[in-house]
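Going down the list, the sequences are from chains A and B.
Note that this note's numbering has the first sequence beginning at 1, numbered continuously upward.
Note that this note's numbering has the second sequence beginning at 1, numbered continuously upward.
I should point out that these hints are in silico values taken from the structure, not numbers from a laboratory.
Incorrect hints may have been included.
To be verified - Each pair of labels, with its calculated beta carbon distance range: (1) B:Ser-481 - A:Met-155: 27 to 33 angstroms; (2) A:Ala-17 - B:Arg-177: 18 to 24 angstroms; (3) B:Ile-104 - A:Glu-124: 36 to 42 angstroms; (4) B:Glu-343 - A:Lys-56: 47 to 53 angstroms; (5) B:Asn-38 - A:Met-155: 44 to 50 angstroms; (6) B:Thr-182 - A:Asn-93: 55 to 61 angstroms; (7) A:Lys-79 - B:Lys-347: 49 to 55 angstroms; (8) B:Val-174 - A:Ile-43: 16 to 22 angstroms; (9) B:Val-174 - A:Met-155: 55 to 61 angstroms; (10) B:Phe-102 - A:Glu-37: 22 to 28 angstroms; (11) B:Val-174 - A:Asp-40: 18 to 24 angstroms.
Where is the CB? At the ideal position from N, CA and C, for every residue including glycine.
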Amino acid sequence: MRHTISVLVENKFGVLARISGLFSARGYNIASLAVSETLDPTISCMTIVVEVQDEKILEQIKKQLNKLIDVITTIDFTKKEHVERELILVKVNYSVKDKAKLENIFDKYVGKIIQAKGNTAIIEAVGDQQQIKQLLEKLNEFGIKELIRTGRIAMAY
Amino acid sequence: MTGAEILIECLKREGVEVIFGYPGGQVLPIFDKLYDANLRFILTRHEQGAAHAADGYARATGKVGVCLATSGPGATNLTTGIANAYMDSVAMVAITGQVKSFLIGNDAFQEADVTGISRSITKHNYLVKDVKDLARITREAFHIASTGRPGPVLIDIPSDIQLAETEFIWPKEVDIRGYKPTLFGHPGQIKKAAKLIMNAKRPIIYAGGGVITSGACNELKNLVEKLQAPITWTLMGIGDFPATHKLSLGMLGMHGTAFANHAIMGSDLIIAVGARFDDRVTGRLDVFAPDAKVIHIDIDPSSISKNVRVDVPIVGDAKNILGQLVEEIKKSPDISEWLNAVEAWKKKHPLKYKDEGKIKPQYVIEQIDEATKGSAIITTEVGQNQMWAAQWYKYTLPRTFISSGGLGTMGFGFPAAMGAKVGCPDKTVIDIAGDGSIQMNIQELGTCIANKINVKVAILNNGYLGMVRQWQELFYKRRYSQVAITSPDFVKLAESYGALGIKVTKKEEVRPAIEKALKIDNTVFIDFHVEPEENVFPMVPAGEAINRIIGGLA
Ligand SMILES: Cc1ncc(C[n+]2csc(CCOP(=O)(O)OP(=O)(O)O)c2C)c(N)n1
Ligand SMILES: [Mg+2]
Chain A
1 MRHTISVLVE
11 NKFGVLARIS
21 GLFSARGYNI
31 ASLAVSETLD
41 PTISCMTIVV
51 EVQDEKILEQ
61 IKKQLNKLID
71 VITTIDFTKK
81 EHVERELILV
91 KVNYSVKDKA
101 KLENIFDKYV
111 GKIIQAKGNT
121 AIIEAVGDQQ
131 QIKQLLEKLN
141 EFGIKELIRT
151 GRIAMAY
Chain B
1 MTGAEILIEC
11 LKREGVEVIF
21 GYPGGQVLPI
31 FDKLYDANLR
41 FILTRHEQGA
51 AHAADGYARA
61 TGKVGVCLAT
71 SGPGATNLTT
81 GIANAYMDSV
91 AMVAITGQVK
101 SFLIGNDAFQ
111 EADVTGISRS
121 ITKHNYLVKD
131 VKDLARITRE
141 AFHIASTGRP
151 GPVLIDIPSD
161 IQLAETEFIW
171 PKEVDIRGYK
181 PTLFGHPGQI
191 KKAAKLIMNA
201 KRPIIYAGGG
211 VITSGACNEL
221 KNLVEKLQAP
231 ITWTLMGIGD
241 FPATHKLSLG
251 MLGMHGTAFA
261 NHAIMGSDLI
271 IAVGARFDDR
281 VTGRLDVFAP
291 DAKVIHIDID
301 PSSISKNVRV
311 DVPIVGDAKN
321 ILGQLVEEIK
331 KSPDISEWLN
341 AVEAWKKKHP
351 LKYKDEGKIK
361 PQYVIEQIDE
371 ATKGSAIITT
381 EVGQNQMWAA
391 QWYKYTLPRT
401 FISSGGLGTM
411 GFGFPAAMGA
421 KVGCPDKTVI
431 DIAGDGSIQM
441 NIQELGTCIA
451 NKINVKVAIL
461 NNGYLGMVRQ
471 WQELFYKRRY
481 SQVAITSPDF
491 VKLAESYGAL
501 GIKVTKKEEV
511 RPAIEKALKI
521 DNTVFIDFHV
531 EPEENVFPMV
541 PAGEAINRII
551 GGLA
C-alpha cells in the first residue's frame, strides 16, 4: 500500500542525500518525492510517497527518519484528514477539431491546454490521485505522447 | 583564531584527554597546532587502528573517543572503525581533513567524498564549509555522539578552513531542534510493565549493551533481586550483571548457554533492557519465545518492534526507567516453579568442554580468568576466540568486556585493547585473539611499544580461521576452503618490535606463561598452540529456533 508522509528537515545541503540514502540503505521504495522550502526558509518539506507491504515497515520508516538529526518532524497522512495534489504535464496528439472535446474534459478536471502547436498539445492538470488517474484515462483517447508528474504533495486540515 | 586552533580549543573544552590518529597533507594545519597544544596524541600505525583504539577507549571509560586522519586514504582507512562503533553504539568523534573547499568535487589529490561514504555508518556527520561554524559543529558533534543512543560523528574539515581565521565563540549550549532524545519513560507505560511483571509466572530479564551505556547496572541488579528472576544477556550486555550471581544464565543466542536459550524460549514474559533482539539472539523469529509477552526498554524508538512484537514499549534511558519500574513493582510474583525449571536446565545442560589432548582454548581462558580474578579488561578479536572469551571468562563488572558485536570486525581487539589501556592505565588489559584476526592489525605493536601501552595478547593459535572452518565442518561437509592460515613466528615478531613473546605448546605451560605475562611491564604476545579443530558449542545454526541446539556437549 502507498502512504504519504511529509518530512520537515533542516534546509541544508546534503539532507536530501541523507533521506534518500536511508531509503536505499534499508531497502524501502520511494514512489514519489517532492521537495521545497517552506514558509520558514530554514526548513524544507519533503513529501514522500512510500510503497510498503505492512504498517510495521511504515512505522520503522518513520522512526528511522526521526532518528536523523536533520529531520525536525515527520507527518504521516495515513490516518489524517488531508488533501493531496499532484501536478502533471501531458503531451497529447492534437488537431484543431479536438479542441472542443478536450476543453470539455476540463469542465470536470482542473487543467488546461497550455500550448497547442502543429499536431501536439501540452496540457497541465492538478488533482488528487483518483482525479489524475481518471483524467489520464480520458486523455488516452487522444494518444498520450509524454507524461511528467511532480509527485504528490499533501496538507493536513 | 584559526580553524585548527578553534578545533583544538573545542577538544580541550570537551574534556578530550587523548587523540588517536595519523597525519597527512590535508591535516597539516591541525598537526602544526597540536605540536604545542599539550594534548596527548597517540600515533597509530594505521588509521583503522586509530579508530578502533578510540572505540576501545570509549568503551572502557564511558568517555567520547576521538580519532583524527587525513583526507582520502586516511579517511577511508577510518571507515571500518567508524562502522564498527556505529553498530555497537559507541560514542566517538572522528575528525578528517578534506581537500581545500574550492577543490571539493574536482577529484583533487587525495579527495574522497567522506561525508558521503560515512553517511550510513555515522550517527551524524558534517562537512565544515565556513570556519565560523566550526566551534558549533564540534560542540554538536560531541553532544550527538555521547547522548541518546550514542554513536560516531564525523567532522570533515577542508584544509583551507583549518587555516581560515575567525573569532572563537564557544556555544553555551547545544540546541538541535531535530534531536531531543527521550530520557524519561512514560509513567503509564511503566505502570503497565509493572502490572505485567507482577502477574508473570515465568519472567526472564534480557539485558543488552544499553544497560552499560546508561550506567544502569545497579538498577538492573535491583530489578533482578527484587523479582528473583533469571537474567540473560547479549554479547554486548556482558558485564551488565555479575556472571557469578546465582540468577545469572550467561549469554543467550547462537553461542549462548543452552539453559539461557531454553529459559527465554519457555518464558511468559521477557523484560528486555537496552537490547535489540538481533538475529544472532532470536534465531528463527516466528518461533521465538512463543508464550512470551515483551516489555522493551530502549532509548532508541527504532529498536522497538523492529524484530519482535512488543507489548509494552518504554522509550527512554534505562537507568531512569529501571529505577522507576522497581518502585512500581509492589509485590514480586511467586515464580519458584519457574526457577526450579531453570535450575534443572542449568544442571542438565551446563557449559562444558572435554579437557583432553592438546591445549583447549577454553582452558586458556579459564586460566586467564583465574589469574586475573575476573577483574581484567578483556577485548576480543572475532571468531571462535571471541565466543570462548564471552563464555569462559567470568565478568562481574561493566566495561570489562570489549568486543565487536554488531559488525564483527576481525582486527578490532588489539587496537581496542590499546585504547582501553590508555583510558584505564591501572587495569590489566588482555586481547583474546585468533591467529587470523591478530594479523589484521598487528602493526599496532609498534604503537604499543612506542607509547609504552602495555597490553597482553593471548593468541588462541589454531592454525585456522576457526569460526569459518567450524561452519565448513558442520554445514559444508568439511570441505575446508581457504580457512587454513599460516602465521609468523609470533615470538620473534613480538621481539622485533621490542615486546615480549611467549610460545606455549603444553597444558602445564599455560598458567605460568599467563603469570609471567601479567608480571612483566611490557606488551606481551602469548602464542597458545591450541587444539586446531575445537568447536564452539553450544551452537544454534543460523536461522533455526534458538532451542535447536547442536554440538555433542550441549
Ligand atoms: C574483517 C573480517 N573479515 C572476515 C570476517 C569473517 N570471519 C569471521 S570469523 C573469521 C575467522 C577468524 O579467525 P581467527 O582470528 O583465527 O579466529 P578463530 O575463529 O580461529 O578463533 C572470519 C574470517 C570477519 N569477521 N571480519
Ligand atoms: Mg584461528
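Outcome of the hint check:
1. B:Ser-481 - A:Met-155: 27 to 33 angstroms: Since the Cβ atoms of Ser-481 of chain B and Met-155 of chain A sit about 59 angstroms apart, the hinted range of 27 to 33 angstroms is violated.
2. A:Ala-17 - B:Arg-177: 18 to 24 angstroms: holds (20 angstroms)
3. B:Ile-104 - A:Glu-124: 36 to 42 angstroms: holds (39 angstroms)
4. B:Glu-343 - A:Lys-56: 47 to 53 angstroms: violated (37 angstroms)
5. B:Asn-38 - A:Met-155: 44 to 50 angstroms: Given a distance of about 56 angstroms, which is not inside 44 to 50 angstroms, the answer is violated.
6. B:Thr-182 - A:Asn-93: 55 to 61 angstroms: holds (58 angstroms)
7. A:Lys-79 - B:Lys-347: 49 to 55 angstroms: Because 52 angstroms falls inside the window, the suggested range holds.
8. B:Val-174 - A:Ile-43: 16 to 22 angstroms: At 19 angstroms between Cβs, range holds.
9. B:Val-174 - A:Met-155: 55 to 61 angstroms: 32 angstroms Cβ-Cβ, so the 55 to 61 angstroms window is violated.
10. B:Phe-102 - A:Glu-37: 22 to 28 angstroms: Hint holds: Cβ distance 26 angstroms, inside 22 to 28 angstroms.
11. B:Val-174 - A:Asp-40: 18 to 24 angstroms: This hint holds: roughly 21 angstroms between Cβ atoms.
Violated hints, in rising order: 1, 4, 5 and 9; the structure is consistent with all others.
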